[in-house]
Amino acid sequence: MLRPARKEGPGQARGRPTRGHSSPAVSSRGRIQPDTISSIASGFWRISAATKWTTSRRETARLLCAWAHAQARDVTCLIAPPTKGSACLILVNSLCFVAMTSASRITIGSPQSLGTTGSVFAYGDRDDPARLVVLLADRVLTVCDQTSDAARNAKLCLEPRTPWRTRLQCLRSALHDAADGLDEPFIALWDVDALVSTETESWDQERASLLRRDILHLVRDAAAAGGWILVRTSRTHALATSTVFDDLDLEREIAPDTKEIPEEARLFAPECRPIASWLVERNILRPRDLAEVERTVERSEEHLVDLAYESLPPVARNAVSILTALRAPQGLNGHYGPLPFEAGALNASARSLPATTRALLVDSGLIQRTWVSGPWRMPRIVRARLAQLALMTVGVELEEVHRSQAEPGANTDAEALVEAHYHAICTGDIELSKRTAVYYGSELSEVATRLSLGSQDVEELSEKKRLFTAAANLFHHVVTNFDDTDAYAWEYYGYNLARAESADTTEILGAYRRAFALRPGNPLYHGRLLGFRAQLGQSIVEETIVNVRQYALNAPERESVSFFVEAVMKGLWRGAQRQQAHKILTACHALLERLAPRTLQKAAWVRVSA
Amino acid sequence: MYLLGPGVGETIVVVLPDGRIVVVDSCEQAGVNLAASLLTELGVKRIDLLIVTHPDLDHVRGLTTLLHEFDPVRVWRHPFGLLREILAMLSNATDATHYTRHKQAVAGAVALDEHLTERGLVDDVTYGKVWAPPGASYAVHALAPTSYDTKRARDRVRGLIEKRHGRWLLSAHAKRWLDDDAPLGDLPNMVSLGVAIEWGQRRLILAGDIENGDGGPYSGWTGVLDHLDRGDDGRGRLVDDVDLIKVAHHGSARSFSRAAWERHARASKTLGVVTTYSPSRLPDRVTLEALRVHCSRLGVAADAGDAFDRAMEAGWVVADTGQPAPESLAPCLKVVFGEGGRPHVYRGRPAGWFE
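These protein sequences, in sequence, are chains A and B.
With the numbering used here applied, the first sequence covers 1 to 610.
With the numbering used here applied, the second sequence covers 1 to 355.
FYI, nobody ran anything at the bench for these hints, they're computed from the structure.
Fair warning: there could be bad hints in the mix.
Covered stretches of chain B, as calculated for chain A (at least 3 residues, CB under 8 angstroms) [stated by the list, open to error]:
no., stretch
1, 148 to 154
2, 217 to 228
Examples of chain B residues toward chain A, derived with CB under 10 angstroms [unchecked claim]:
no., residue
3, 110
4, 117
5, 126
6, 127
7, 231
8, 233
9, 320
Predicted, not measured: the structure shown is a model, and the values here were computed from it.
Positions of the beta carbon are idealized from the N, C-alpha and C atoms, including for glycine.
Using the sequences provided together with the hints, build the complete structure.
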């Protein structure tokens, strides 16, 4: 596709001027004058940006023609057949320009074969954004010239200190450049629907959904430019996934099912069909029951997973529960990944699985092949549904599996390293988690958060302080060794230092200030900053009143006012600033009554004093 | 068909035309398993189909006796997976001594589950399951629960644990339930099996504790009717013009579905039988009044408490069955169906018979 000429040199937008009429047979491998292509491409991208890719390629072409006509005489624009990639033929003053990349496509179900296309999996887990940036960058490095800009950008994505925004920009460039040089798709992103955020965006939890949104947009844009296979094996119910991908003007293919299944099983997502089919084979449901389930049961695929799980004998239930610890595709040849199937084993453990369970796990569809002769994996919907229960039923075994897998051993490829880190995070072991954090620190924040929240379970003050201090130290580790633009880590570094009653108030205030500067729209961060200033005795009345009104206008539906003012009030209470609190409550009473009634209820201490 | 109900508990024994035996649920009175006692009196050695409608104690007490002494050929059970989940949660509850009673109870249920599962005897049944022995002139059809209610119940169970501080723990409600401070509500009844037995033109409905559900189109009785009428196999007939109905959930107003009853007694009033549940004063008066619209006769199998008084307050009049009392010691109603004509009813001494 014609691109803006971001920089000069190999790997940028391609095309070849020819004289005469354009033809789809024109080679896509030529070069054109940079200034000409830059001019055309910038116009093209203006149009693309304006339409936000919500229009079809044909509509984009129409807009492009209109633009080109406005810029020069004698302009013709032709669009190559969509199946041939993102190709564009443009005639400007009898010069024909051709730009082309390998088409992206959406595959519904598991492709039979991927050829040389590398696979990257989305899991729907919290670490998807950070993990995928690393794995996609790693994929770029495997296909491009190591001295190219694409490689340089990809390597930057792997640097632990590279800020998130920079990573995204670098990856975006790297992916575009890598796609330029290839005739075949180079990335298959599996279960792309897992990237759709399912989390509610409360102000204290917004980080996860923001990162997820970022990576989803990046994938969409990169796929639109070519070189991708987006594999859709499951669906995400929280949002209308169709609107996320269906407006991408990509070729679509429906992969055949790997075995004969009842027609009614096709009502479900591809990953769920083997499960539905097995339920019928086992006489647990009739084919017509599948249709009834689909018609009447909300999140019907979860229901089928539950039925399959519940239909297994206890030993197999334990086995599949333990396997929820392993999310990456695994070999299945006497072992499932690290766990051997042993003939003599009577029950599933963290070290082996009974041989009798292997066939059951496969037949039931709870473990499935990724593609023909490819590795095996537990579908996302299965893992998501069973993992919660597994923590209750085989928690000890899960911990042991995670611990055993937290050391990557001799395998130092990016995927092995990020997976080892994932397992380390699951153990909650601080040192192990720090040691395995090679590329990013965002998951360490999760361990720190658990420490901080764990303080609520303990009575003894010194133990509380110990936990807060440990959490603060870990957040500090994140911002000093990884992304120093991580607003969440700065915020909770300050918060935990404050809860640990650190005497270093300058450090606390600095952390709060940094968090708010990085994420100025977050009323919780803002409220904590003002609250801490109040705790230090500073006057915050006017500033608070102005901002209460501002938040009431900006995002009242997200409880901005509550988050903001409650954090402020806590600071005032800690600093015994009753006068200030009274003034704020008096000035904002009507607004608070409407938008933050809980805050008013909690403010008895102010009224008593007043 | 024998309906036994001691006041707290319910069990039904059906002797089919070819002599096969169906038993629905299990209950005890003064330590005696009523179904086992009756089966022994009848000289029965083996149960052909044992149906466990739902996991409430008044329907499962003494179940192991039936399993051990009458070696059922097959067992239909309510969806059990969600109960397993409760058991899993209980076995991991942190306050071990406090929940010992629950742990012991569930350990028994788990052992039974494993025993049945290993022997391949048990089917977890939802709407649509049919048992029709080869050559038999009858069939037993599962009417409930619907998949919708099964999922609803499972989601409710999952709500008993919640994620706190990165860990999954018992919810406050679950703890209150374990402390006996809060009920589980309608959870067990959500998954209650109900069956229809069809024999020629005869139709019996043994409705377990099916309730009206959440009011949605696929839940409770509404869901049952939706499913029956949707198929092209004419299964809707199973609830139309029924000869006898074991009233759902001891005659609770939560289980009375006007739409269903209008179909049960479309051409003419039908015969209703009900067991009492004394602690909740079931059947309740509202249901007893409503049943008068649809039932010509009503049997109450009970060591009655004040249930007979409520029936009479609702307008029912004590009647004579015209048959001698059955031999059983249990509070029991016995209804015998021939190929046609009115069924013969036998009333055990503590039971009530009304017109």
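A quick look at each hint next to the structure:
no. : hint       : in the structure
1   : 148 to 154 : holds (count 4)
2   : 217 to 228 : holds (count 5)
3   : 110        : 8 angstroms, holds
4   : 117        : 6 angstroms, holds
5   : 126        : 8 angstroms, holds
6   : 127        : 8 angstroms, holds
7   : 231        : 7 angstroms, holds
8   : 233        : 9 angstroms, holds
9   : 320        : 46 angstroms, violated
In summary, the structure is inconsistent with hint 9 from the numbered list given earlier, while agreeing with all the others.
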